Amino acid sequence: MPFGNTHNNFKLNFKVEEEYPDLTKHNNHMAKVLTKEMYGKLRDKQTPTGFTLDDAIQTGVDNPGHPFIMTVGCVAGDEESYEVFKDLFDPVISDRHGGYKATDKHKTDLNFENLKGGDDLDPNYVLSSRVRTGRSIKGYALPPHNSRGERRAVEKLSVEALNSLDGEFKGKYYPLKSMTDAEQEQLIADHFLFDKPVSPLLLGAGMARDWPDARGIWHNENKTFLVWVNEEDHLRVISMQKGGNMKEVFKRFCVGLKRIEDIFKKHNHDYMWNDHLGFILTCPSNLGTGLRGGVHVKLPKLSTHAKFEEILTRLRLQKRGTGGVDTASVGGVFDISNADRIGSSEVEQVQCVVDGVKLMVEMEKKLEKGESIDSMIPAQK
Amino acid sequence: MRMDSSALLENRQTPHRVHTTTGKIGIFVSAQSSSSSSTPQPTGTAAMPFGNSHNQLKMKFSSEQEYPDLSKHNNHMAKVLTLALYEKLRSKQTPSGFTLDDVIQTGVDNPGHPFIMTVGCVAGDEETYEVFKELLDPVIQDRHGGYKPTDKHKTDLNPNNLKGGDDLDANYVLSTRVRTGRSVRGFCLPPHCSRGERRAVEKLSVEALGALTGDLKGKYYALKNMSEAEQQQLIDDHFLFDKPVSPLLLASGMARDWPDARGIWHNDNKTFLVWVNEEDHLRVISMQKGGNMKEVFTRFCTGLTKIEELFKNKGHSFMWNEHLGYVLTCPSNLGTGLRAGVHVKLPNLSKYRQFEEILKRLRLQKRGTGGVDTAAVGGIFDISNADRLGFSEVELVQMLVDGVKLLIEMEKRLEKGQAVEDLMPAQK
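Residue numbers (full-length UniProt numbering), protein chains in the order written: chain A, 1 to 381; chain B, 1 to 428.
Simulated from the structure, these hints should not be mistaken for lab results.
Predicted model, so just to flag it, every value in this text is computed and none were measured.
Incorrect hints may appear among the rest.
Calculated cross-link-like contacts (lysine-lysine; reagent style PhoX-like; alpha-carbon spacing at most 20 angstroms) [to be verified]: (1) Lys60/B x Lys25/A; (2) Lys138/A x Lys60/B; (3) Lys15/A x Lys60/B; (4) Lys307/A x Lys365/A; (5) Lys298/A x Lys266/A; (6) Lys116/A x Lys36/A.
These stretches of chain B come out as covered by chain A in the derived footprint (C-beta under 8 angstroms, 3 or more residues) [claimed, not checked]: (7) 189-200; (8) 254-267; (9) 398-412.
Virtual Cβ for every residue (Gly too), placed ideally from N, Cα, C.
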């Protein structure tokens with residue numbers, strides 16, 4: 001159970017061998033790292049809110065993983081989880097984030113003016129542009145662990161902050177539990193509505209408890225700036241629009257995030273952040289910037305080229321189907337986004353997307369004309 | 001599980017806490033000293049052996065802030081849990097640390113159905129029913145036909161007390177089955193137990209079952225080591241249980257660590273079957289083709305009694321008290337935890353307008369042959385006792401035997417185009 005650590009002391013009556021999970025059939029980051037010795041070392045610890053080692057790893061124990069897709073297999077229940085259980089999280093983070101060391105510093109750069117270009121991606125190829133990240137409010141437990149009271153407090157603070165936005169950010173909040181049918185239809189049509197998680201990875205971590213209490217969607221009137229409240233993280237912030245003007249999308253993203261942060265600060269609330277892990281989020285895979293900046297782009301020829309995967313790797317990009325992670329692409333249209341989250345800044349990651357997508361569109365055009373792209377293959381970034 | 005005699009002795013454990021087959025791992029662990037643990041002791045719970053940091057933290061929020069929104073809910077828990085009751089119970093915990101929010105999580109996450117009234121709360125250990133009695137007593141009362149907190153439940157597992165039951169017409173009764181559950185005292189229940197506890201329950205159970213002889217001699221198949229061939233055979237025998245998919249069960253935490261320490265034991269004759277660590281510590285099933293309920297029930301009682309004896313020899317009892325009978329995870333299974341039933345052909349009777357009324361008067365319930373929530377196929381129904389608590393095992397099986405006998409008589413009448421009104425039973 002995500003709740004309760006009293007039981008943790010009781011469990012200490014059993015030996016480490018008796019409590020240590022059977023990870024022999026498992027393939028996730030947690031399972032690669034959590035030896036019996038480490039389990040023995042960490043099992044009597046708890047964070048100040050009572051999150052324990054078993055709480056952190058339950059999702060990874062319950063979801064052995066997949067030979068092809070390496071899941072993380074552990075979550076944070078609060079900000080302190082990353083400190084109290086650093087012996088587990090540091091190697092997981094290092095493995096997941098390309099060797100990021102426990103001593104490394106992460107830089108945050110949300111100054112949109114530092115982005116070069118990005119306003120001229122060819123809309124004949126780039127159908128839409130989107131940037132998302134997450135934010136956690138300091139002082140509250142995270143979705144795997146929070147109580148109804150905490151979740152509602154996060155909702156209340158967030159809605160107050162969002163409702164005081166104006167100009168292009170003026171908008172409205174739609175709580176999941178009191179949505180009308182008409183509102184629901186519209187949000188589905190806009191591709192904004194999120195539903196109760198069905199993934200066993202999320203369910204196993206306890207994130208869906210008390211659904212749909214204190215969950216909701218806020219968006220601006222223009223439908224270009226969207227915030228999810230209490231889904232996988234306290235806040236998921238999304239800036240999106242049709243076409244290829246990533247510069248505009250990123251600007252709106254940065255400005256909006258800053259405005260929200262300012263309002264929170266006025267009420268004496270900060271985001272969870274430190275100079276090692278950057279923005280603290282529920283899943284270790286989202287640490288750092290928590291940013292996924294991407295486009296839906298038509299690459300029917302390039303995607304069938306022998307070196308497509310290699311090109312993406314070198315550009316530090318990843319592909320997904322247009323339904324999101326784990327979906328297949330349809331009609332040669334791919335979701336291309338940055339692969340990294342930590343160790344590089346927001347500007348750097350969006351720059352990778354902008355530069356990389358520009359190059360790939362050029363390659364696509366070359367292939368359309370039957371020309372070779374060998375001279376264009378990039379070096380490893 | 002392997003009791004490695006050379007296992008490291010943790011310095012925070014006292015020597016007599018090393019788990020052996022004869023050791024009592026009880027929840028009232030006097031030897032646990034807090035000095036070696038980094039756990040801060042919360043204030044106000046000096047009487048409790050352990051602290052519960054998150055529950056304490058939640059106390060900083062008002063009851064209104066923490067009280068679940070049950071406005072769209074329809075389950076027993078939601079009918080009972082007012083804001084005032086929530087406030088009263090929210091600071092409490094059982095000795096193993098089970099809290100009110102743990103009890104009700106499944107009911108909060110599963111609002112229920114207008115037609116099917118689910119229970120909406122579970123126990124995490126034996127003490128749950130005591131510590132949270134103000135919630136569970138009215139739930140039990142509502143679910144079990146008015147059973148009062150002062151009522152006594154009688155246990156009767158003497159198959160000689162069953163009259164008849166060996167002559168249900170095999171042309172109509174295709175198969176016969178009795179099941180119940182048992183919890184091993186001193187261990188937490190499936191919503192709450194740790195891997196160590198669950199494995200300890202498995203070990204004890206497998207040792208006990210391994211000592212059965214004669215008609216009951218059998219073998220244990222651990223879910224996580226099952227060969228393909230074994231799995232296929234168990235599926236063909238309709239014995240295999242799989243990881244729960246019902247959101248009711250998942251939300252209560254019963255599927256954690258699957259398939260660790262879960263397994264199926266059955267005798268060589270395939271008439272006696274035990275599930276280990278599924279929804280309860282043990283589910284015990286006696287079954288066979290045809291209509292000889294007497295034989296099925298006799299084997300059931302004999303087997304249960306033998307298993308209980310074997311556990312006692314190791315210093316373990318089943319959870320039981322004279323008010324609630326056998327203590328199980330779900331309040332709906334308290335008392336006998338017994339469901340005795342048959343698969344019976346009633347194509348004519350099931351279409352008779354008073355079918356539901358007859359069942360109700362006989363204190364029986366119908367299900368499809370796929371189990372609860374399935375539909376009947378080909379006029380074949382699963383008919384079983386509706387009650388669990390407040391009646392003994394013998395009484396419940398007697399009602400089933402007598403009731404099914406009557407149903408078949410009525411079916412035969414209707415086959416011949418004859419009336420059945422004179423056969424209508426009174427309310428039992």
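How the hints compare with the structure:
Straight-line distance between C-alpha atoms of Lys60/B and Lys25/A comes to about 42 angstroms, which puts the hinted pair past the 20 angstroms bound. A hinted pair counts as satisfied when its Cα atoms are at most 20 angstroms apart, and Lys138/A with Lys60/B qualifies at roughly 16 angstroms. For the suggested pair Lys15/A and Lys60/B, the alpha carbons sit about 34 angstroms apart, so the restraint of at most 20 angstroms is broken. Restraint check for Lys307/A and Lys365/A: the C-alpha separation of about 16 angstroms stays at or below 20 angstroms, so the hint holds.
A hinted pair counts as satisfied when its Cα atoms are at most 20 angstroms apart, and Lys298/A with Lys266/A does not qualify at roughly 44 angstroms. Between Lys116/A and Lys36/A, the direct Cα distance comes to roughly 49 angstroms. Violation of the 20 angstroms bound is thereby established for this hinted pair. Here the segment 189-200 of chain B counts 8 residues with a CB under 8 angstroms from a CB of chain A, which clears the bar of 3, and the coverage holds. Interface restraint, the segment 254-267 of chain B with chain A: holds (5 residues with C-beta to C-beta distance below 8 angstroms; minimum three).
A stretch counts as covered by a chain when three or more of its residues have a beta carbon under 8 angstroms from one of that chain; for the segment 398-412 of chain B and chain A the count is 0, and the coverage is violated.
Violated hints, listed in ascending order, are 1, 3, 5, 6 and 9; each of the other numbered hints is respected by the structure.
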